[in-house]
Amino acid sequence: MYLKCIGALLVFISSCLLGRLQANRFAKRYSQILDFQGIVQYFETEICYTSTPIMEIFHSLIPIVNPPFDKILKNVLSRITDYGYEPLCVIWKDELDQNKGSLYLKQEDLDILLYFGNVLGTTDTENQKKYFALVKGRLHTQLTLALEDKLKYIKLYSQLGIIVGLFITIIII
Amino acid sequence: MSNQRLIQDFNEVIFKGMDLKIKNILSRLPLTFLLGIDEIRLRVNNPLMVCKMKEDFLINDHGEIVQSVKEAYIVKEKEIHNSLQLLSQYSLYSIEEELSKGFITLRGGHRVGITGKVVLEGGEVKTIKYVNGLNYRVMREVKGCSRTVAQIIQRDENDIYHTLIAGPPKSGKTTILRDLVRAFSMGNGRSGLKIGVVDERSEIAGCHRGIPQNDMGIRTDVLDCCPKGAGIINLIRSMSPQIIVTDEIGSKEDLIAIREALNAGIKMITTVHGASMEELLNRPYIAQMIQDKLFEKIIFLDNSNGIGTVSKVIEVNELFKKEELEHVS
Chain S
1 MYLKCIGALL
11 VFISSCLLGR
21 LQANRFAKRY
31 SQILDFQGIV
41 QYFETEICYT
51 STPIMEIFHS
61 LIPIVNPPFD
71 KILKNVLSRI
81 TDYGYEPLCV
91 IWKDELDQNK
101 GSLYLKQEDL
111 DILLYFGNVL
121 GTTDTENQKK
131 YFALVKGRLH
141 TQLTLALEDK
151 LKYIKLYSQL
161 GIIVGLFITI
171 III
Chain A
1001 MSNQRLIQDF
1011 NEVIFKGMDL
1021 KIKNILSRLP
1031 LTFLLGIDEI
1041 RLRVNNPLMV
1051 CKMKEDFLIN
1061 DHGEIVQSVK
1071 EAYIVKEKEI
1081 HNSLQLLSQY
1091 SLYSIEEELS
1101 KGFITLRGGH
1111 RVGITGKVVL
1121 EGGEVKTIKY
1131 VNGLNYRVMR
1141 EVKGCSRTVA
1151 QIIQRDENDI
1161 YHTLIAGPPK
1171 SGKTTILRDL
1181 VRAFSMGNGR
1191 SGLKIGVVDE
1201 RSEIAGCHRG
1211 IPQNDMGIRT
1221 DVLDCCPKGA
1231 GIINLIRSMS
1241 PQIIVTDEIG
1251 SKEDLIAIRE
1261 ALNAGIKMIT
1271 TVHGASMEEL
1281 LNRPYIAQMI
1291 QDKLFEKIIF
1301 LDNSNGIGTV
1311 SKVIEVNELF
1321 KKEELEHVS
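For the record, the sequence lines run as chains S and A. The first sequence begins at 1 in the numbering used here and counts up one residue at a time. The second sequence begins at 1001 in the numbering used here and counts up one residue at a time.
Worth flagging that the hints you see were computed from the coordinates, not collected in a lab. It should be emphasised that the depicted structure is a prediction, and the values quoted were computed from it without experimental measurement. Note that the Cβ used here is the ideal one computed from N, Cα and C, for glycine as well. Among these hints, one or two may not hold up.
[Claimed, not checked] Facing chain S, a subset of chain A residues (Cβ under 7 Å, in silico):
(1) L1020
(2) Q1089
(3) L1092
(4) S1094
(5) E1098
(6) S1100
(7) F1103
(8) T1127
(9) Y1130
(10) N1132
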């Protein structure tokens, strides 16, 4: 009986944690889209108002952005600085793929990130402005959806974890 | 420029601004050949070409010189696009001004000419898009090449004649001008002179991000990418130069600014395109400058005996005396 109780308690805690972890994915997706929105905003200001070259923007951004974007930006910068013959869009896509595990984004969000890498620095200021407006618009839509999901599912998954945990505990006991 | 520095520039500057495929092809060229290259030309759907001592060479994809177009490596649009991205360090927007001028100056003073579809705004070139050709021009400083010209224009230890250096394209006007600036600025046994350079096309000092890449001497101030007229006036007001140097004059604004400089007691050295006196007099503002005796000496260069060969020196005062005599007789 004593062992059964310990087992049931462990199952209950694990279930709660699983529910919490699942719920956190929605919170993290929201915060990562928000972070990326900030990054786009930073690029826009530096490119459209001061024409700062991409590498300098990367340098100034890396210390102030949250993980995993700091790592992604750092890797992209080191690849364009050290090697420097690959197109930026290829490096960007490659780094996003390699860091997919730490990104809690949906495919639609990732598509925007990829698009951003494809157009970054490829045109004159006027067209960069248009691209930034497009990316920001799409990010805004995704951010609204992510917020809705966050509000809807965080509670749901947390409670689901507890309920499932309780259910299994009752069965075990 | 030493070979070592040139090799370093090829590896760290010129090749870094090229598509990987093109870079790999050119790196296979023999080193002695590579070091003599004046231009590397990439044109969409045309053979990869390098120019050396006024001769064109086609290159195949193994980095060998070939005779026929069929054997040569054909440059693709994507390679030009990639090269432009690398040249702009992935920031095309940051070289808009350079694109409107049609060239980018690289570290070391090397230059890349750009052709493509020109976008106009108010009748002026705003930018170039759909780039179809790149011309990498390798910069070489020829130290000491201006000795003959320096002797001609030196009036005394601290003074020179107002001088116009004329010659056809590729006659070495800018190379001579650059060396003159360095020589007068350094002094070399004489007292050095304060020189202001208005470098409208970044050809004299080869500035990269405002910093001269060529040795311009210790008493030289450079205004980079500045229109000559405005630059001359700025230098007179702010830097108290003894000599002002510009390249390729010819407009009304240049005439006004040169007059201003002369009135301020500043000596002028400048260049102009023109192989003969007739050609110079056919250009209204240059003719006006000559007739107004703004220059004391006109030096004609050609490349009959190597770049920067002095073919003729005209003393403007003598010229007018002769004309007056002819007129009287």
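Status of the hints after comparison with the structure:
With a least beta-carbon distance of about 4 Å to chain S, the hint placing L1020(A) at the interface is held under the 7 Å criterion. The closest approach between the C-beta of Q1089(A) and any C-beta of chain S is roughly 5 Å, which is under the 7 Å cut-off, so the hint is satisfied. Residue-level restraint check for L1092(A) holds (minimum Cβ-Cβ distance to chain S is 6 Å; threshold 7 Å). A cut of 7 Å between beta carbons decides the hint on S1094(A): the least distance to chain S is about 5 Å, and the hint holds.
For E1098(A), the interface hint is violated, the least distance from its beta-carbon to any beta-carbon of chain S being 11 Å, above 7 Å. With a least beta-carbon distance of about 10 Å to chain S, the hint placing S1100(A) at the interface is violated under the 7 Å criterion. Interface hint status for F1103(A): violated, as the beta-carbon distance to the closest one in chain S is roughly 17 Å, over 7 Å. Evaluation of the T1127(A) hint against chain S yields a held restraint, the C-beta minimum of about 6 Å falling below 7 Å.
For Y1130(A), the shortest C-beta to C-beta distance to chain S is roughly 12 Å, which exceeds 7 Å, and the interface hint is violated. Contact between N1132(A) and chain S, as hinted, is not supported at the beta carbon level, the nearest pair being about 17 Å apart and thus beyond 7 Å.
Going through the hint list in order, the structure does not satisfy hints 5, 6, 7, 9, 10.
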